[in-house]
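Chemist: Order-wise, the sequence lines are chains A and B. At position 86 of the first sequence (counting the first as 1) the number is 86 in the working numbering, and the numbers step up by one without a gap. At position 416 of the second sequence (counting the first as 1) the number is 416 in the working numbering, and the numbers step up by one without a gap.
By construction, these hints were calculated from the structure, which means they are not laboratory data. Careful, some of the hints might be misleading.
Unchecked claim - When the alpha-carbon atoms are kept at most 30 Å apart in a straight line, the in silico DSS-like pairs for lysine-lysine are as follows: (1) B:Lys253 - B:Lys662; (2) A:Lys47 - B:Lys523; (3) A:Lys79 - A:Lys193; (4) B:Lys214 - B:Lys568; (5) A:Lys16 - B:Lys585; (6) A:Lys16 - B:Lys523; (7) A:Lys47 - B:Lys537; (8) A:Lys18 - B:Lys214; (9) B:Lys396 - A:Lys79; (10) B:Lys412 - A:Lys148; (11) B:Lys550 - B:Lys651; (12) A:Lys18 - B:Lys523; (13) A:Lys201 - B:Lys571; (14) B:Lys390 - A:Lys148; (15) A:Lys6 - B:Lys571; (16) B:Lys537 - A:Lys16; (17) A:Lys18 - B:Lys571; (18) B:Lys523 - A:Lys6; (19) B:Lys537 - B:Lys412; (20) A:Lys47 - B:Lys568.
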Amino acid sequence: MNLLLKIWRQQDANSKGKLVDYNVTGISPDSSFLEMLDVLNEQLVDKGEEPVVFDHDCREGICGMCSLFINGEAHGPDKGITTCQLHMRMFNDGDTIYIEPFRAAAMPVIKDLVVDRTGMDRIQQAGGYISVNTSGNTQDANALPIPKADADASFDAATCIGCGACIATCKNASAMLFLSAKVSQFALLPQGKVEAADRVKNMVRVMDEEGFGNCTNTGACEVECPKGISLDNIARMNREYLSAALAD
Amino acid sequence: MSKLDSKIPEGPIKDKWTNHKNHINVVNPANKRLIDVIVVGTGLAGGAASASLAEMGYNVKAFAYQDSPRRAHSIAAQGGINAAKNYQNDGDSDYRLFYDTVKGGDYRAREANVYRLAEVSGSIIDQCVAQGVPFARDYGGLLDNRSFGGVLVSRTFYAKGQTGQQLLLGAYSAMNRQIAKGKIAMYNRHEMLDVVVVDGKARGIIARDLITGKLERHSAHAVVIASGGYGNVFFLSTNAMGSNATAAWKIHKKGAYFANPCYTQIHPTCIPRSGDHQSKLTLMSESLRNDGRIWVPKHMKDVEAIRKGTKKPTDLSEDERDYYLERRYPAFGNLVPRDVASRAAKERCDAGYGVNATGEAVYLDFASAIIRYGKEKAHVTGLHNPTQEKIIELGKAVIESKYGNLFQMYEKIVDENPYETPMMIYPAVHYTMGGIWVDYNLQTTIPGCYAAGEANFSDHGANRLGASALMQGLADGYFVLPYTIGDYLAAEIRTGEIPTDLPEFVAAEKDVRDRIQTLMNIKGTKSVDHFHKRLGKVMWDKVGMARNEKGLKEAMDEIKQIREEFWKDVKIPGSAEAMNTELEKAGRVADFLELGELFAVDALHRNESCGGHFREESQTEEGEALRNDKDFAYVAAWEYTGNPREAKLHKEELTFNDIELKQRSYK
Ligand SMILES: Cc1cc2nc3c(=O)[nH]c(=O)nc-3n(C[C@H](O)[C@H](O)[C@H](O)COP(=O)(O)OP(=O)(O)OC[C@H]3O[C@@H](n4cnc5c(N)ncnc54)[C@H](O)[C@@H]3O)c2cc1C
Ligand code: SF4
Ligand code: FES
Chain A
1 MNLLLKIWRQ QDANSKGKLV DYNVTGISPD SSFLEMLDVL NEQLVDKGEE PVVFDHDCRE
61 GICGMCSLFI NGEAHGPDKG ITTCQLHMRM FNDGDTIYIE PFRAAAMPVI KDLVVDRTGM
121 DRIQQAGGYI SVNTSGNTQD ANALPIPKAD ADASFDAATC IGCGACIATC KNASAMLFLS
181 AKVSQFALLP QGKVEAADRV KNMVRVMDEE GFGNCTNTGA CEVECPKGIS LDNIARMNRE
241 YLSAALAD
Chain B
1 MSKLDSKIPE GPIKDKWTNH KNHINVVNPA NKRLIDVIVV GTGLAGGAAS ASLAEMGYNV
61 KAFAYQDSPR RAHSIAAQGG INAAKNYQND GDSDYRLFYD TVKGGDYRAR EANVYRLAEV
121 SGSIIDQCVA QGVPFARDYG GLLDNRSFGG VLVSRTFYAK GQTGQQLLLG AYSAMNRQIA
181 KGKIAMYNRH EMLDVVVVDG KARGIIARDL ITGKLERHSA HAVVIASGGY GNVFFLSTNA
241 MGSNATAAWK IHKKGAYFAN PCYTQIHPTC IPRSGDHQSK LTLMSESLRN DGRIWVPKHM
301 KDVEAIRKGT KKPTDLSEDE RDYYLERRYP AFGNLVPRDV ASRAAKERCD AGYGVNATGE
361 AVYLDFASAI IRYGKEKAHV TGLHNPTQEK IIELGKAVIE SKYGNLFQMY EKIVDENPYE
421 TPMMIYPAVH YTMGGIWVDY NLQTTIPGCY AAGEANFSDH GANRLGASAL MQGLADGYFV
481 LPYTIGDYLA AEIRTGEIPT DLPEFVAAEK DVRDRIQTLM NIKGTKSVDH FHKRLGKVMW
541 DKVGMARNEK GLKEAMDEIK QIREEFWKDV KIPGSAEAMN TELEKAGRVA DFLELGELFA
601 VDALHRNESC GGHFREESQT EEGEALRNDK DFAYVAAWEY TGNPREAKLH KEELTFNDIE
661 LKQRSYK
């Protein structure tokens, strides 16, 4: 396949960026989107130009590192996948493809297509954990049976990979889907209940402080989430938040 | 003089760890605040260690090259984690887990370490559940288990096909709690490029800020390397793209011995290569072998028809298929250990029976499991006389609930529906059992420098059974290192903060800077990947699933040749004082080009077959691996002497007091 790529290039956080045109040729439809960019980069290096920088690591859809806005969609056209799982067979020979970074005020560009997502870590640090020491002196794991349905629902919420597609897609750049996934994981389990109120209040506070926007329930996040994290989590989080606020 | 003192505690194997803990030096909590520990890596081993050490009161500085600790390679682990809980009442015990692991590792692991691993395995599950890790549960609300290759009990705990993710997020959340308290300083997007040794002790590291390109000096009273494995020396592997050997290799050059580099696990159930564009190989969890049956056609004419596309695998009847694992290993069948399954697949494909265009694929078939589960489900739900279609529908739903994400992953990559047609699989490089030599305390041969998780060599021998790497990473991080490091740190309470303007820091930083400058100044004609791919090809062809003397000698020369070319002709655009991913890769590949040669040296000297190391010269008449305990029951620990080819061999003799050395059989 031959393609015309329009790629966002930006030297560093303080420079102005712009879209630059690149032609790539001889791409196998079986290769992944990132492998297609590898081919481009190999060509750029051969010419002595700086390759396009993008984040990636596992290339299996699980680490949450890769993050591209492709033709105006987070992680590109296919549904329920990350950029590294996108395959070139989703495109046609001769296509023009726009490739841009995930954009949000709270996720500034570091270089080219790489953005700073550490704000998401700071939301987790504000309460996305259960306060148990790693002493190994905890009770036997089977001493606390948990209904399968709850464990499964908790797991579904826990599968968020922290990619930030929801934030990049949201017109308010809200981190609510991401935040609610963690809150739900714990809300559905008996462990960690004692600190539930503090957890949700602190996480929401830090989300606001970091400059992520408000959630206005437009639902675009859910559509673009590669892991199918559902809006139900936001509803559950809102209930948790409300009861925490009422208890104050 | 050899520095190899394994420090295995006295006493019966069951009591060693308890006795050792009772006699280990303990640092008083007030003094812990005076002590800094650097942890390189935030995977399961490093993440768990950082959280635990911080919780105990030490000041931790944690480093990772990704933008968040949550993205460490451990996140990708699929199948599960072992623990001798015996919840299934199928006769599991610490001893049985110990036995399976030592046997599975072809009797090349250290007994005392493996027993300790089995002993703490149960606590790992308790700990993770308390942290809110949502493991799979059965309808009674209790934890569910499955079994993995190489064992006959169900001891693997899992969270669908995303166990590593859930365990790592557990460790990450424990870290987050300590980061919030200020007990862990987290350095994301930082790469450790050297260790600093002062008066013979590890006292810090030189790290590069990957965003600004600035070199930084960080000091501490001890340094823990938890930087993962080196499978990417093969270029194509199941490892994450950034996984590298740099941290391990740098400490090796400063005096840490590197043990058993040639022990590499080739995983049997990966998606086959489709062409030259490929940058990595994708694993399909081994848990699939619980329900999938592995076969190739019995007759060559069917192989040809399938390759031509005139026949589909589903067209072949039972007796036209060769279920070669069930045929050769009736006791374990499809659940033989990974090395055995991988070699058997290669044997069939080498004999011409591979089922894809490249001839490098075998089938993993779920049809009979779908029927079996469908019937069971119909029974349970009170459905009498269900139609075949109904049974298949119910069965598919069960398979989906167990392996849904894996099936989806397969479909995305291969563009075929594995519920309808058998998956194609082929072995790929996956895990490295070799690594930095450590004693029972996980200390390397550099005092004050420790190694944990896949980065060390200790617990798996020549082959790792499934679901045991996660167990080892968390055991090291949560339950072993936090104790054993006290033994060393107890003597450090009066040291005070270590200044970073010591001459050793200045010199180490200069070395790193010079090396980067040298790389940048080569301004050659070929990309870093060009060299990495060439190295990978030599490794796979001559140091891969089967090795022989001639090939290994050639490989050593070829790797040396590639290395020399690399240092003359590599091209790295951009600047060293900014984010530069080509420069990052270049540093890592430069280290792989040295490690690769030592790898071949180790494989050549070990003239026996064991686990993942198959020397063609050493096999039984039936083509099974033939171990040689008389001459090789030792750990090969290599000391760096300036040139990988001339590394000096030190031997740690392995003694087996609790398990009798036997030819491994899974028949
Ligand atoms: C696809 C796949 C599936 C697997 N499935 C299973 C399974 O089901 N069960 C099982 O038991 N095992 C499984 N494994 C193996 C297991 O995941 C790994 O062995 C284990 O997670 C390694 O953990 P670790 O903590 O040692 O290292 P890693 O998780 O690899 O972490 C390495 C860390 O070191 C950091 N790092 C590396 N170099 C540097 C440097 N120079 N400077 C700074 N930081 C550095 C990285 O940023 C990272 O944080 C699987 C592996 C793969 C690839
Ligand atoms: S909720 Fe979905 S889109 Fe948002 S960070 Fe998590 S996985 Fe990514
Ligand atoms: S590279 Fe890990 S999710 Fe894409």
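Chemist: Determine for every hint whether it applies to the structure shown.
Modeler: For each hint, the structure was consulted:
1. B:Lys253 - B:Lys662: Violated - the C-alpha atoms of Lys662 of chain B and Lys253 of chain B are around 36 Å apart, more than 30 Å.
2. A:Lys47 - B:Lys523: holds, 12 Å
3. A:Lys79 - A:Lys193: violated, 34 Å
4. B:Lys214 - B:Lys568: The given pair, whose Cα atoms are some 25 Å apart, holds under the 30 Å limit.
5. A:Lys16 - B:Lys585: At roughly 27 Å apart (the allowed maximum being 30 Å), Lys585 of chain B and Lys16 of chain A satisfy the hint.
6. A:Lys16 - B:Lys523: Holds - the C-alpha atoms of Lys523 of chain B and Lys16 of chain A are around 28 Å apart, at most 30 Å.
7. A:Lys47 - B:Lys537: holds, 25 Å
8. A:Lys18 - B:Lys214: Holds: Lys18 of chain A and Lys214 of chain B sit about 26 Å apart, inside 30 Å.
9. B:Lys396 - A:Lys79: Given that 30 Å is the threshold and the Cα spacing comes to 22 Å, the pair holds.
10. B:Lys412 - A:Lys148: holds, 29 Å
11. B:Lys550 - B:Lys651: holds, 24 Å
12. A:Lys18 - B:Lys523: holds, 27 Å
13. A:Lys201 - B:Lys571: violated, 51 Å
14. B:Lys390 - A:Lys148: holds, 25 Å
15. A:Lys6 - B:Lys571: holds, 25 Å
16. B:Lys537 - A:Lys16: With Cα atoms ~41 Å apart, Lys537 of chain B and Lys16 of chain A exceed 30 Å; violated.
17. A:Lys18 - B:Lys571: It holds: about 26 Å lies between the C-alpha atoms, which stays within 30 Å.
18. B:Lys523 - A:Lys6: holds, 28 Å
19. B:Lys537 - B:Lys412: holds, 26 Å
20. A:Lys47 - B:Lys568: Between Lys47 of chain A and Lys568 of chain B the Cα gap is close to 18 Å, so the pair holds against 30 Å.
In this structure, the earlier hints numbered 1, 3, 13, 16 are contradicted, and the remaining ones agree with it.
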